[in-house]
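Visitor: What follows is each chain in one-letter form.
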Amino acid sequence: MNGPSELDRFLRTDPRDVGCAQAMEMLHIYAELVAAGDPAEQRYPGIAAHLRACGPCGEDFEGLLAAVRGEEH
Amino acid sequence: MLVRIARSEVRQRAPRLRITGPELDDLAYQAAADTLVAISGKLGQFRGESRFTTWAYKFVIFEVSAKIGRHFWRHPSVLFDAEDWDRLPDRFGFDPARQAEWRDLLAALHRAVDEDLTARQRAVFVAIVLNSVPLDTLVIELGTNRNAIYKTLFDARRKLRAALAANGYVGDDLSRSS
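Residue numbers (our numbering), protein chains in the order written: chain U, 1 to 73; chain C, 1 to 178.
Note that these hints are calculated values from the structure, not bench results.
Yeah, the Cβ is synthetic: ideal placement off N, Cα and C, and Gly gets one too.
Warning: the hint list may mix true and false statements.
[What the hints assert, rightly or not] Pairwise CB distance ranges, derived in the manner of DEER restraints:
| hint | chain 1 | residue 1 | chain 2 | residue 2 | range |
| --- | --- | --- | --- | --- | --- |
| 1 | U | D38 | C | L142 | 21 to 31 Å |
| 2 | U | Q42 | C | N167 | 32 to 42 Å |
| 3 | C | A38 | U | G55 | 21 to 31 Å |
[As the list claims (entries may be wrong)] In silico contact screen, one side only, chain C against chain U (beta carbon under 8 Å); selected entries:
| hint | residue |
| --- | --- |
| 4 | R51 |
| 5 | W55 |
| 6 | F62 |
| 7 | L79 |
| 8 | F80 |
| 9 | D81 |
| 10 | D104 |
| 11 | L117 |
| 12 | Q121 |
| 13 | R122 |
| 14 | F125 |
| 15 | L130 |
| 16 | S132 |
| 17 | L142 |
| 18 | R146 |
| 19 | R157 |
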């Protein structure tokens, strides 16, 4: 049964979470850092926290990362 | 270039959409065209912190998200304000065979939603959690933006966790004190 852990994960909030506006503003910079293998999460922990918690922003990030990586190959 | 990124992103998200083939391409072309207009108006905001293409791709991705949100808004599969609390166990993957173990927890959650959330927080919780309305669709329905909805749900999550913790249903959120 993963219900309790799934509910716990949903209710758990990270005070470092910067919210959608700031994450969206910085997403292109963050995506390039990740694509380059740089420690993006350490540099921008608030954005990393947000992308883990926000489905839509996380999905946008994955899409942008795929686009950046596609261009590199 | 923008069309290629838009098509790739639309196809990536296609399994959730009830549209296929030419309609998917239409959505991608519209997103690319609208992005081109948007970028033209934002050129002065590009500060060279990334490659120009990465900056431009970001707006294509955002446009695809917005268009998909609008698609769901035009073709809703459930009413935004419907309240079917029987969905909740499935939403979080609770095992029906072990209902005796989680019945009280979900009853406490329901009570906290009713008693501890503001009307706005409750409406956002019901739409997103109970009714699985995509966040970008709720943005259109409520005439607001993604950040505002996320913040409302963020505050609701924090309140609900505190209520459940106060009654011993979950551990306290240690991250709040860090």
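Visitor: Each hint should be assessed against the structure and marked as holding or not.
Guide: Status of the hints after comparison with the structure:
no. : hint                       : verdict
1   : U:D38 / C:L142: 21 to 31 Å : violated, 37 Å
2   : U:Q42 / C:N167: 32 to 42 Å : holds, 37 Å
3   : C:A38 / U:G55: 21 to 31 Å  : holds, 23 Å
4   : R51                        : holds, 7 Å
5   : W55                        : holds, 5 Å
6   : F62                        : holds, 6 Å
7   : L79                        : violated, 21 Å
8   : F80                        : violated, 17 Å
9   : D81                        : violated, 21 Å
10  : D104                       : violated, 12 Å
11  : L117                       : violated, 13 Å
12  : Q121                       : violated, 13 Å
13  : R122                       : violated, 15 Å
14  : F125                       : violated, 11 Å
15  : L130                       : violated, 13 Å
16  : S132                       : violated, 11 Å
17  : L142                       : violated, 14 Å
18  : R146                       : holds, 4 Å
19  : R157                       : holds, 5 Å
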